[in-house]
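Asks: Spelled out, the chains give:
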Amino acid sequence: QKEVEQDPGPLSVPEGAIVSLNCTYSNSAFQYFMWYRQYSRKGPELLMYTYSSGNKEDGRFTAQVDKSSKYISLFIRDSQPSDSATYLCAMSGGAQKLVFGQGTRLTINP
Amino acid sequence: NAGVTQTPKFRILKIGQSMTLQCTQDMNHNYMYWYRQDPGMGLKLIYYSVGAGITDKGEVPNGYNVSRSTTEDFPLRLELAAPSQTSVYFCASRAGQFPYEQYFGPGTRLTVT
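Chains as they are written, first to last, in the working numbering: chain A, 1 to 110; chain B, 111 to 223.
It is worth saying that the hints were derived from the structure and are not from the lab.
Certain hints may be false.
Claimed, not checked - Counterexamples of contact, computed for chain A against chain B with all Cβ distances above 10 Å:
#1 P8
#2 S12
#3 G16
#4 T24
#5 P44
#6 E57
#7 Q64
#8 D66
#9 S84
#10 Q96
#11 R105
#12 N109
Unchecked claim - Here chain A is said to cover these stretches of chain B; the calculated rule only asks that three of the stretch's residues, wherever they fall, bring their Cβ under 8 Å from a Cβ of chain A:
#13 146 to 153
#14 158 to 170
#15 189 to 197
Computed from a prediction, not measured in an experiment: that's the story for all the values here.
Ideal Cβ positions, reconstructed from N, Cα and C, are used throughout, including at glycine.
Between the sequences and the hints, there should be enough to build the whole structure, so can you do that?
Replies: Structural data, given as structure tokens:
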């Protein structure tokens with residue numbers, strides 16, 4: 001079983017839709033959770049991070065962590081074509097290494 | 111600041127050849143990482159370093175070597191290239207404090223034929 005599972009998609013939605021991206025994990029020691037966005041042929045960039053359980057909101061983006069279920073989510077409201085990218089979840093139990101999900105390829109259609 | 115820079119951007123190698131992928135960061139970060147990303151896959155850690163002179167293996171180290179003689183540079187060496195090493199290679203660095211954000215370079219696309 002992989003430490004982090006993420007549906008690779010692809011996911012295609014119309015502009016303005018609410019998008020939900022999810023990851024599950026098996027290592028209960030994970031306590032730092034991140035979402036990276038990767039545009040085509042570019043390096044990943046940090047989108048959001050959370051520590052422990054709960055929600056965190058940043059503009060149109062909300063990151064949610066449920067440690068009891070070992071489940072994290074990223075919600076995108078009022079999705080835009082510029083949100084089209086691959087979204088990678090990443091998590092860590094300590095400071096040194098991140099474990100990445102497979103990435104979900106998202107396309108927002110105008 | 112340039113951030114994390116990688117050279118070359120693209121390279122085609124023949125089976126059995128060797129090469130070094132260069133990575134430099136100008137943020138004075140102690141932590142540096144090398145990942146590979148295969149099509150439709152996430153990032154797999156090859157090697158990482160927590161400071162000059164200190165390196166450690168990641169998830170997929172076979173066929174690769176690294177060194178870290180300075181804070182800024184973290185080259186990745188491929189010896190005896192194999193088709194299985196065809197991938198996109200990303201270098202990343204981060205500072206020592208929370209939120210432990212890793213800053214990525216633009217990547218090197220490597221094809222081994």
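Asks: Kindly indicate which numbered hints from before are broken by the structure, ordering the numbers from low to high.
Replies: Violated hints (numbers, rising): 1, 5, 10, 11, 15; every other hint is consistent with the structure.
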